[in-house]
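Enquirer: Chains as they are written, first to last, in the UniProt record's numbering: chain A, 1 to 188; chain B, 1 to 1002.
Hints were generated in silico from the structure; no laboratory data involved.
All clues given are correct.
Which stretches of chain A does chain B cover? Using the computed rule of at least three CB atoms under 8 Å from a CB of chain B, they are:
| hint | region |
| --- | --- |
| 1 | 103-110 |
| 2 | 122-129 |
| 3 | 146-156 |
| 4 | 162-170 |
All C-beta atoms, glycine included, are put in the ideal place defined by N, C-alpha and C.
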Amino acid sequence: MSDAMTALNGASMQGPVAAVREAALQGMVLLRGDLADETLAAVVKDLTGCDLPGQREMVQAGNTAVAWMSPDELLLLVPYEEAGTTVASLSQALEGVYHLAVDVSDARALFRISGEGAREVLARLCPVDLSPAAFGPGEMRRSRLAQVPAAFWIDETGTISLVCFRSVAGYAFGALSAAAESGPVNFL
Amino acid sequence: MSHRLPQGGRLVNRDAPVGFTFDSKRMQGLEGDTLASALLANGQGIVNRSYKYHRPRGILASGPEEPNALVGLGQGKRFEPDQRATTTELFDGLSAMSQNAWPSLGFDAMAVNQWFASMMPAGFYYKTFIWPRSFWMHIYEPVIREAAASGLPPKEEDCDTYEHFHAFVDLLIVGGGIAGLQAALTAGKSGATVMLVEQAAHWGGRAPVDGAEIEGQPAEVWINETLQTLGTMKNVRLRTRCMGAGVYDHGYALAYERLTDHAPEAEGPRHRLWKIRARQIVTATGAIERPLSFAGNDLPGVMLASAVRDYVVNFGVAPGHRTVIVTNNDDAYRTALTLIDAGLEVPVVIDVRDRVNSPLAREVSRRGVAVETGAAVMKVKGKKGVEGVMLCRANGTGGAGAPVECDSVAMSGGWSPVVHLWSHCGGKLTWSDENAHFHPDPNRAPTGAEGEVFVRTAGIASGAMGTGSVLQDASAAGAAAARAAGFTAKSAAARAADAEEAPMKPVWVMPEQALPELRSKMFLDFQNDVKVSDVQLAAQEGYESVELTKRYTTLGMANDQGKLSNINGLAILAGSLGAEIPQVGTTTFRPPYQPISFGSIAGEARGEIFQPLRRTPMHEWHEANGAYWEPVGHWRRPYCYQQPGETIEQAVQREVRTTRASLGLLDASTLGKLVVKGPDAGRFLDMLYTNKMSTLKPGRCRYGLMCNENGFLSDDGVVARIDEDTFLCHTTSGGADRIHGWMEDWLQCEWWDWKVYVANVTEQCGQIAVVGPNARKVLERLGGMDVSRQALPFMGWADGELAGTPVRIYRISFSGELSYEIAVPAGRARALWDKLFAAGVEFGATAYGTEALHIMRAEKGFIMIGDETDGTVIPQDLGLDWAISKKKDDYLGKRAQQRSFMTSPDRWKLVGLETLDGSVLPDGAYALGEGDNANGQRNTIGRVTSSYHSPTLGRGIAMGLVKHGPDRMGEVIRFGKTDGGTIEAKIVSPVFYDPDGEKQDV
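Can you build the whole structure from these sequences, using the hints too?
Expert: What follows is the structure in structure tokens.
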């Protein structure tokens, strides 16, 4: 995978209370199916080590994670190199089970927003309650980032990971940077 | 003349002078001043000329209701027109310019005014539009434009930044006076999250100015203690300089925070627009004092009584040395006392009430001030400012009047609760006879989706008029809102008494029987120059609805939105119509409460991030190689690549020639790619496409057409069957999201039980079209998979590797040449693109853009969605019957295409067009028929849909829709040109190049 590149080649910026950087390549597999199906749950658990997440949740296990995206859609996060084999394994293990598994790793851009102002950076751009009481680790939030769709989660250190479509990576980085240039709002 | 008092001013710092300019004149104010108080301190009586009549105008109010003192603030990149001096905090170096000062602030333009007055009665716009017509363009319009020029638009780009912020709270409380503070305190104790916003820089509102006492102490003590308590509550957020701007459905509200207006050089955004979701909203927005309507009430020096008090107490500034007070209520007596306490003269209090015996009035009398009851101001004397008033009886015509010398007038017509935010989302009002104002009707509150109340009012905004009542009402509102948000709350108001006041007496015209001469000098709307006589004229001319009267007279239509003029205006209208005020009703209150900056609305969306720009993995290469861009949806695609010295046209022609002769590469990444999978996928696609997709074999591709329910062509593209259950559908570049939505719509709403999943994988792959006679050779140079005709035949696809990169290659051609479309993971697309160019050097590989693509497809007679189709074209019009399955029972659009009009032989149908002289037909030109239609227009029999110069054929080629076209091969028809001439073209087959398709299938 020597010549695979992220959309922005790892762009980054540092604001007064938050930093934004494009993360390295991340394997992402979209899985649609009946989330109540026991076979599907078992296959996902087997492949990722993760139990199925509940609504708007995200389950992590080592370097893999499974996020709830909609009532019939999951996003599997795996190492970039393993996305292709994950799709193949899913298709094989779910033979005969109505589902769709596709590699979307290259269709996305991934950003990390860190620092004490991270939540307020996103609160400027996303119509989401980003207070710690409403949004914490273990949750996957699908929303919009200014004018483009985005999904994001937060880890125990307060770093937010945000996924958007690859073609608008430049726009997303621009919007995040503009928001991170600003100082603390002292609201969240 | 207005001046700074030797002492006093609770908000100013006498030790911190601040320099500023007004109309380039250097002036000095104090830290803590507003621009308005500083102007008054400098004796600047006139701040503006009025909109229509160019009367001199001074500062009338002390808050956002100010109609006159609008200035152009700042310079260059920070210039902003229409800024209110009363809500502009003074800072060192502030520069303000008066607006609408034609011919100049000081010039006495009374003669001009008279001329204007007769020329611009109520509804003058409408009247002059109609008669005489030519007068409008040549006389009225230019003169009015010059005369009525308001603030000028900024010329330079704004150098400040702006942002939005999304906040979610249990309670939003708007207004930080004692009511807002009390409501926040009560609600905060319940544990609810509370956001309290105050438009000014200070908390407490006007209670300290009015001398209110709370818990036996001056209000200020309680305000400070309460702020301290609120500051310790983790669930409470306090923000000053933050105005509640609008209330919308579902507890949505906008607040407008001015972060650096008072310190323009400070870091960070200038304004922040808060987008708030609140479970409950409490508006503690206070009240606004009403002016009185007497002749000359607009002269500089006439001010609201409460504003006079504000300037003296808050800023140590007096509007004059000798102030006459005219009132219909007790509150203005406080102004008299404030002025006397400051050592200023009050020659008389003119009270329209016949008898006044209240503690406030008695105190004023005790201090030696004459109180004239049953009296009125007949008119104000003076030209550029107040020189005196004529005193008269309140109930007569005025008579001669008795002169009283003074240099300022403080007027009070009673108080109107600020009901704007309450009303934005449907809150209704009730008329109070006692206070002569509309106040919110708690039984008809704004309600949410469940019918629950979500906006409440607190304090004087509810109509509670005394300090004690205000606190009681506010605490109750805070508690009720907290309970409605799901918390346990108990109302516990701070203790305070209501002052004993005599009833007010509504008075709408002063004196009551004033004759027209006086009425035409009584201003209702100071900003739009609307007078009592204008509203009366409108009523006379038949305007009964307050909404129509507003538009006819422009009453309340200026940027203060009638904060001072509304009630007075509709009272005059009601009086003229002989109706009750509540029957006439109010006009509609719309957000924002006060104008907010465009910058705050735009937020971060400017410059590079004004709009999302979609970039393909090869975007930077294009940029570096002379791309001339074309927007396609939010994508940018190269239209062509200009080499040094080349025109756009030359570049396009070169790209076509090189591709046809040897090798061209196209970035086709923007092409939509939808994976459709499931046991019912074939059946599903059979319904979506006009042709049969379920019979397609895995490994093969098929071109398909999609129509909407009305039978019209909507999208097209190549479908590849991946396996038994899986298809990959290509859509047009602009159509990917739309078609994805279209598929989901049918799957979710109509065929919900079909087992089909769709995923939009457009951006997963970059797509590179390798096109031309040498296409195969260049792929063989890269190596890794068999791309021979046998292994990968025309309209087939195969997975494999090229130069170590995993690819899926489709042998499809939109150019008529040997062509491979290579899908490659987006992260590796740029690398493969570079490798293809490196390997293609010996073939003279050229990148080609969308225009070359268009020309090559037109040479082949391939249609383009958006060119040959426009939402009214069916596949049959385009000769695409071969792509419509006859074997299927149904597909979307089938029944529509069977309607008589769709099957008419008279429909315009696709043909090729060749000009006789080889020139290029104008795109969109109409083919001329015989005679004229019913409207006297030339009949048409067709139109050009695509037209290019073909470098391959060395002539103009075109496609068009022509009546009976396919039956008229070889006929010459004429097309109209925009210059009135015509151009002749022969009807030919639309396939100009390689009609047998030999070149693409090698």
